[in-house]
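Undergrad: Here is how the chains run, residue by residue.
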Amino acid sequence: MPKPRLLNRDEDSLPLERELLVRMHDLMVKARVLEERLIQMYKQGHGYFWIGGPGEEAFNVPLGLLMKKGQGPAYDYLHAHYRQSATMMALGEEPIGALRQMKNVAADPYSGGRNFAGHFSKREWNIAPVSSPIEVQYVMAPGTALAQKRHGGDGITIVTGGDAGTAEGDFASCLVWSSRPGNELPLLIIVTNNKWGISTPAAGQHGETHVADRGKAFNIRTKTIDGNDPINAYLELKEAMEYVRKERKPFLMEALVSRLYGHSSASGANFVGNEQDCLAAFEERLEKQGILTRKEMDELRNRYTEDMAAMARQVREEPLPAPETIWNHIFAERK
Amino acid sequence: MANMAQAVRMALHYAEENLGVTDIFGEDVGAPLGGVFTATQGLKTAWNSPLDERGIIGMAIGLAMAGSKPVAEIQFADYIYNTIDLLKIAGNTCWATHGDWNLPMVVKTPVGSGIRGSIYHSHSFDATATHIPGWKIVIPSNPLDAYGLMISACQEINPVMYLEPKALLRIKGEERIPGEPEDDKLLSKMIDAPLGDRTQWKPQWPQLEAYAVPIGKGKVVRAGAQVTVVSYGRTLPLCKKAADDLANEGVDAEVIDMRTLWPYDWELIKGSVEKTGRVLYVNEDTEVTNFGEHLVRRTVEELFYKLMAPPRLLAGKFVPGIGLADTLEMASVPQQGDITSAIRSLASEQP
Ligand SMILES: Cc1ncc(C[n+]2csc(CCOP(=O)(O)OP(=O)(O)O)c2C)c(N)n1
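Residue numbers (our numbering), protein chains in the order written: chain E, 1 to 335; chain S, 1 to 351.
In isolation and in its complexed conformation, chain E is listed as follows:
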């Protein structure tokens, strides 16, 4: 694999404004601490299942920062999967919502205590509901993208999912539906490749050199990038999004990322030492370049840790949904 264009930039001065770097770092820390809190809640019995995205912050934070946030086809749609708390934080979401979903309390803003952790949904920001079946989001994304193409403007649809899931037919459907000549769709198709299914390594899953190569057969512009470097991810995403916004055509991006706590609570949710930690690597660079000191970064982390511990205590006291609420929202009512 040729070296991605923007790798190893740390020799140079960092190619983004200081303010943006500090903001990205802040959000990465916030998202990491949130996930660690969720894992802890799970382990303490304050939730039934954990799945989330520690290790993917370097990619997911820039994604959230670059999205055009709002409701309706003029804005970007995100058809996410369950590892995207960092994207939600970058969009401006408050972490307490994720804690409430973990504890499945009535105030869970995403599902009212009905769905797993990491299963976000927020219509106000075009965040399509995350659902557990792998890869289904890839067949829905062309729908919002078609509405956007018709609507005009520069809103795009973004869909993300894992590498193992690309074996599902829905991934192929996405390539087919987004690239029909004359009917190309403004769709940024993202695969975050952490090199694992649950316990099945990438080599046991598929034979193509890069997942992104599959786009080539459909004349879709493609790229495999290092998703563990937030600066690289930011610049690559910006370029890809500009292309999709302007050309109204699909782009397939494969981002190589880490899976720092294994697949989910189903595989223990313990820290995996041999994966690259994007946050630690970024902090080293920030320190070396004099952007932030170790002390500042430690203080930030401690502050978030305390904040979220307090939130978790608060959430523990909140009521579960009333049993009769099972009957709510089976159908939408015309208001």
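If you're looking for bench data, these hints aren't it; they were derived computationally from the structure. Mixed in with the good hints, there may be bad ones.
Sample of chain S residues lacking proximity to chain E, with all beta carbon distances greater than 12 Å (derived) [as the list claims (entries may be wrong)]:
#1 Ile61
#2 Lys172
#3 Leu195
#4 Lys240
#5 Glu302
#6 Pro310
#7 Leu324
DSSO-like, lysine-lysine: derived pairs with alpha carbons at most 27 Å apart [what the hints assert, rightly or not]:
#8 Lys246(E) to Lys69(E)
#9 Lys217(S) to Lys335(E)
#10 Lys249(E) to Lys306(S)
#11 Lys249(E) to Lys223(E)
#12 Lys202(S) to Lys241(S)
#13 Lys275(S) to Lys217(S)
#14 Lys240(S) to Lys189(S)
#15 Lys317(S) to Lys240(S)
#16 Lys335(E) to Lys88(S)
Computed from a predicted model, the values in this text were never measured in an experiment. Quick reminder that beta carbons are idealized off the backbone N, C-alpha and C, glycines included.
Got chain E; can you put chain S with the ligand on it based on the hints?
TA: Chain S with the ligand only, in chain E's frame:
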């Protein structure tokens, strides 16, 4: 009078013009064919999709999320099975998101036997569809209802499954669709695509009127006092005919067309069964775990002491498919004679 395919087409035209329908799509749904049953001919928002059922349902969900109003077609219900998890998601999206998202989408698909469609073009979908909460499910048995139910479906803000009994698609109605011309030949000239080159053809739509059959309301198509027959889709006209024939033998059967399978008109069924004390449910889906079994269960639980005879279900045989040979198809799903004898025997059954 219009046939059901024409009625669906006219309703969709009305919906494009008046109800905000943005996309009518599926395999071969757009020009030049306009659907393998011609139900989408000449519609201005009709387009051909890739041959990908999961893609079709996914596209409809995405369009609905973005505020469009799609009508997606699965060419035959037999091919909807590989989208079952997507149908489940469409049905649970509102609930799963605690009311944050709703999906105003319609999925239409031809169901059932009657065109000698063999193993993969004859299956019903009512039992499976009614097993997926969050959907409204309608199934017309005549062109006027087909028109009115499609209009209601297009007005819905929830997912609606519109099942088209394919055996009835070519049968003319007994009632005129509001706005339909008096002359059938004229109607055909106006809205049926010509054979051969259609590139220049444009339909000439009649001045159609709003006419909605409310979702959730059944209809008594024949009043009677002795036995209640509840059906829908292809078997409904057979039940009506059976009841008319049996009147000569002194059997007075009431026939109810459910029209909507979910949410269904229990009050109508209940009132009738309380009156007659006998009920026969008729449909052509396979009989094991059949929607009619649910109706039988409810009848037993709620109306047991009103019954003069056990409630009965006449449904398709639990066999893996419908064989092509006439004899095989006839033996697999209820036919006119089966229905007549079932009503006759139920009417004469004594406690
Ligand atoms: C359709 C479907 N099949 C199986 C599963 C069970 N499952 C949950 S996560 C997962 C592995 C997903 O791996 P990948 O797509 O690489 O995403 P990652 O979790 O690594 O981000 C599986 C098999 C599922 N949720 N959905």
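Undergrad: Take the hints in turn and mark each one as holding or not.
TA: Hint check:
Separation of isoleucine 61(S) from chain E is inadequate, the least Cβ-Cβ distance of about 5 Å not exceeding the 12 Å criterion. With a least CB separation of 34 Å from chain E, lysine 172(S) remains clear of the 12 Å interface cut-off, as annotated. Every CB of chain E is more than 12 Å from the CB of leucine 195(S) (nearest about 28 Å), matching its label as outside the interface. At roughly 31 Å from the closest C-beta of chain E, the C-beta of lysine 240(S) stays outside 12 Å, upholding its exclusion from the interface.
Residue placement check: glutamate 302(S) keeps its beta carbon more than 12 Å from all beta carbons of chain E (closest about 19 Å). Against the 12 Å criterion, proline 310(S) stays outside the reach of chain E, whose nearest CB is about 32 Å from its own CB. Distance check for leucine 324(S) against chain E: the nearest CB is about 29 Å away, which clears 12 Å, and the non-interface claim stands. Among the hinted pairs, lysine 246(E) with lysine 69(E) is consistent with the structure: their alpha-carbon atoms are about 17 Å apart, no more than 27 Å.
Our distance criterion of 27 Å between C-alpha atoms is met by lysine 217(S) and lysine 335(E), whose separation comes to about 22 Å. The suggested pairing of lysine 249(E) with lysine 306(S) is violated, with an alpha-carbon distance near 65 Å, which exceeds 27 Å. Restraint check for lysine 249(E) and lysine 223(E): satisfied, since their Cα atoms lie roughly 14 Å apart, inside the 27 Å limit. Only pairs whose Cα atoms come within 27 Å are accepted, and lysine 202(S) paired with lysine 241(S) is rejected, the gap being roughly 38 Å.
Of the pairs offered as hints, the one joining lysine 275(S) and lysine 217(S) holds, with about 19 Å between alpha carbons and a cut-off of 27 Å not exceeded. A hinted pair counts as satisfied when its Cα atoms are at most 27 Å apart, and lysine 240(S) with lysine 189(S) does not qualify at roughly 31 Å. Proximity of lysine 317(S) to lysine 240(S) is assessed by CA-CA distance (about 22 Å); at most 27 Å being required, the pair is judged to hold. Of the supplied pair hints, the one linking lysine 335(E) and lysine 88(S) holds, its CA atoms being roughly 25 Å apart against a limit of 27 Å.
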